[in-house]
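A.B. asks: Spelled out from the first residue to the last, the chains are:
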Amino acid sequence: MISKIRRKKTSALVYVIWGYIIWSLVPVIIAVIYSFNDGRSRTVWQGFSLRWWWQDPNASVFHSSEMRNAIINSLVLAVATLLVVTPLGVALAIGAQRISGRGTNVVQGLTSAPLITPEIVVGAALLITFTRLFTAVPLGFTAQLLGNVTFSLSSVVVIVRARLVSIGSSFEEAARDLGATRWQALRFVLLPMLWPSVMASLVVVFATVIDDFIITSFLSAGVSSETVPLRIYSSVRGGATPALNALATLLVLTSFTVLILGLFGLSTWRKRNGERGGMRAALADVTQMNS
Amino acid sequence: MKRTPRLWTLFALPGTTWLVALFAIPFYAVACVAFGTIDPIFRDAVPQWNPLSWDFTQASQTLASLTSGPLRGVAIRTVVYVFCAMVISFTIGFPIAYFLARHSGKRKLLFLALIIVPFWVNYLMRMLAWVNLLSSDGLFTRFMRLFGVNYNWLDGSPITVVLGLVYGYVPFLILPLYATLERLDWRLIDAARDLGANSRQAFRLVTMPMSKAGLVAAGILIALPMFGDYYTNDLLSRSPSTEMLGNQIDFFLNGSSQPQNGALLVIVLSIFLLALMSFYLRSTRQQARQTTR
Numbered sequence: 013m014i015s016k017i018r019r020k021k022t023s024a025l026v027y028v029i030w031g032y033i034i035w036s037l038v039p040v041i042i043a044v045i046y047s048f049n050d051g052r053s054r055t056v057w058q059g060f061s062l063r064w065w066w067q068d069p070n071a072s073v074f075h076s077s078e079m080r081n082a083i084i085n086s087l088v089l090a091v092a093t094l095l096v097v098t099p100l101g102v103a104l105a106i107g108a109q110r111i112s113g114r115g116t117n118v119v120q121g122l123t124s125a126p127l128i129t130p131e132i133v134v135g136a137a138l139l140i141t142f143t144r145l146f147t148a149v150p151l152g153f154t155a156q157l158l159g160n161v162t163f164s165l166s167s168v169v170v171i172v173r174a175r176l177v178s179i180g181s182s183f184e185e186a187a188r189d190l191g192a193t194r195w196q197a198l199r200f201v202l203l204p205m206l207w208p209s210v211m212a213s214l215v216v217v218f219a220t221v222i223d224d225f226i227i228t229s230f231l232s233a234g235v236s237s238e239t240v241p242l243r244i245y246s247s248v249r250g251g252a253t254p255a256l257n258a259l260a261t262l263l264v265l266t267s268f269t270v271l272i273l274g275l276f277g278l279s280t281w282r283k284r285n286g287e288r289g290g291m292r293a294a295l296a297d298v299t300q301m302n303s
Numbered sequence: 002m003k004r005t006p007r008l009w010t011l012f013a014l015p016g017t018t019w020l021v022a023l024f025a026i027p028f029y030a031v032a033c034v035a036f037g038t039i040d041p042i043f044r045d046a047v048p049q050w051n052p053l054s055w056d057f058t059q060a061s062q063t064l065a066s067l068t069s070g071p072l073r074g075v076a077i078r079t080v081v082y083v084f085c086a087m088v089i090s091f092t093i094g095f096p097i098a099y100f101l102a103r104h105s106g107k108r109k110l111l112f113l114a115l116i117i118v119p120f121w122v123n124y125l126m127r128m129l130a131w132v133n134l135l136s137s138d139g140l141f142t143r144f145m146r147l148f149g150v151n152y153n154w155l156d157g158s159p160i161t162v163v164l165g166l167v168y169g170y171v172p173f174l175i176l177p178l179y180a181t182l183e184r185l186d187w188r189l190i191d192a193a194r195d196l197g198a199n200s201r202q203a204f205r206l207v208t209m210p211m212s213k214a215g216l217v218a219a220g221i222l223i224a225l226p227m228f229g230d231y232y233t234n235d236l237l238s239r240s241p242s243t244e245m246l247g248n249q250i251d252f253f254l255n256g257s258s259q260p261q262n263g264a265l266l267v268i269v270l271s272i273f274l275l276a277l278m279s280f281y282l283r284s285t286r287q288q289a290r291q292t293t294r
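Chains A and B are the protein sequences, given in the same order.
If you count the first sequence from 1, you need to add 12 to reach the working numbering.
If you count the second sequence from 1, you need to add 1 to reach the working numbering.
Calculated from the structure, these hints are not laboratory results.
A couple of the hints might just be wrong.
[What the hints assert, rightly or not] Example chain B residues on the side facing chain A (calculated, C-beta under 7 Å, incomplete): (1) 5; (2) 27; (3) 28; (4) 64; (5) 97; (6) 119; (7) 122; (8) 136; (9) 138; (10) 139; (11) 225.
Bear in mind the structure is a predicted one, so any value in this text is a computation, not a measurement.
Backbone N, C-alpha and C define an ideal beta-carbon position, used for all residues, glycine too.
Please model the complete structure; the sequences and the hints are all you need to start from.
C.D. replies: What follows is the structure in structure tokens.
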């Protein structure tokens, strides 16, 4: 009898969950479909074509100079941020976990505060700083890079620290007992074990930066530093063609490609190194759950 | 106490310096602009770097404007919109997270994956999708006309803005909610049922108290960005009649030459959100205590 009650209850919720999934995904799928519209409209279907993806020599995603410019800016910004924030974040995570004494609270506070500070506050504060205090930093790419590193540094620290905690100190202690210096134990024992958290950080930061709107927008210097989200924002309410849908689709495809590559990389690494968990653990790594 | 080996201090140094320079100091810079003066000729804000000579006249004017002046409507609207969006988000998000946490069938991974997908679809893409659907010849507008509903969705409609906020942020609520509920010790609920509680009582007396801290934390996690949101509003409404605090900050800092007002509003928003954040930190700590079992 109990099992009957349970089954009835879940079946009602199954409809809720399918309803939610449809509600959350179908509008996006429709937007993707309309990128293949033959007409100029983003709302009335006029037949299938690749006009806005490729064929139109001026206005399609791959030919419009503004859109190409935005795609390149987005990719450059994301990769540059990764190059700066990964070493910075891994070092900070290790250091913050191990220092003790007076500075500890300051370091902990500084590394966790950006996680819960709304982006508009960070963006506005950096805009004021770069226009009035550190005026050597020009708005545009440089400012956007510094801003995105600042905002994503904490998430790298969180991911790497979770891994540090789960590794524990015994491996390094064993290496030290066998005669390794502190640096050697770190370089040859700990760092290789940190690899999955580094990979997860790369995925998370790439997705954050390529999707970022507020900070990148506050610190942009007009068209020259316009990224894809900025382009979408500035043209969505105008008379933009389905090429805009195609551009947005491209952005989504890019983050999913990176996510899937990262997930496979992570689960392969786990398998090869005899760690349990597989895909689900990899998913937990990149969604920062259960950490 | 053992001294920290110098190596670890060296490791923490670059990141900490970065955050001091580009996170802590910028907050100070905001205060210096907010409590600075205005150049009488160019009308531009002149930051006052010395806190001893901070000038609070503009600050008190802005505060007055927020409590009883022209900005009052914006402040009230921000709170009301976020409150409505939160209520709807919980109504949608809680049953889903609850189901995911309790469900353990073979479809669980599929459900989880599908719930996580919107998390990875760009926010602006999701707004773009709705702008297309809600425009005057959009699919949704045409669909609603079949039922005789002829509504101008994208022209300053509070309903659209609130639902836009819900659509935008609800995925970010479901995941932490799910994480909280999944960690619950469901045996306690079974125990309550065995002891004679009906399912509603078990939910109210066992599930809710055990997950309260996590629910509060998850709620605050989406309330913080909602309070600072301006682009949902810009994309779905663009009308002054639905403007929120974030729109004013964006306007003062990017669209006008009154950065001082913008800086002041950033400070007001930060102080307001600081209260929420400390509440958040308290609940996560409480949650950590509860789940160590």
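A.B. asks: Decide, hint by hint, whether the structure agrees.
C.D. replies: Checked hints:
1. 5: With Cβ-Cβ at 5 Å, under 7 Å, it holds.
2. 27: 4 Å, holds
3. 28: For residue 28 of chain B, the interface hint holds, since the closest Cβ of chain A sits about 6 Å away, which is under 7 Å.
4. 64: Hint violated; residue 64 of chain B Cβ to chain A Cβ min 18 Å, cut 7 Å.
5. 97: Nearest chain A Cβ about 5 Å off; hint holds.
6. 119: 5 Å, holds
7. 122: 5 Å, holds
8. 136: Hint on residue 136 of chain B: holds, closest Cβ of chain A at ~5 Å, below 7 Å.
9. 138: Interface hint status for residue 138 of chain B: holds (5 Å vs cutoff 7 Å).
10. 139: Status holds, d = 5 Å.
11. 225: Interface hint status for residue 225 of chain B: holds (5 Å vs cutoff 7 Å).
Of the hints listed earlier, the one the structure fails to meet is number 4.
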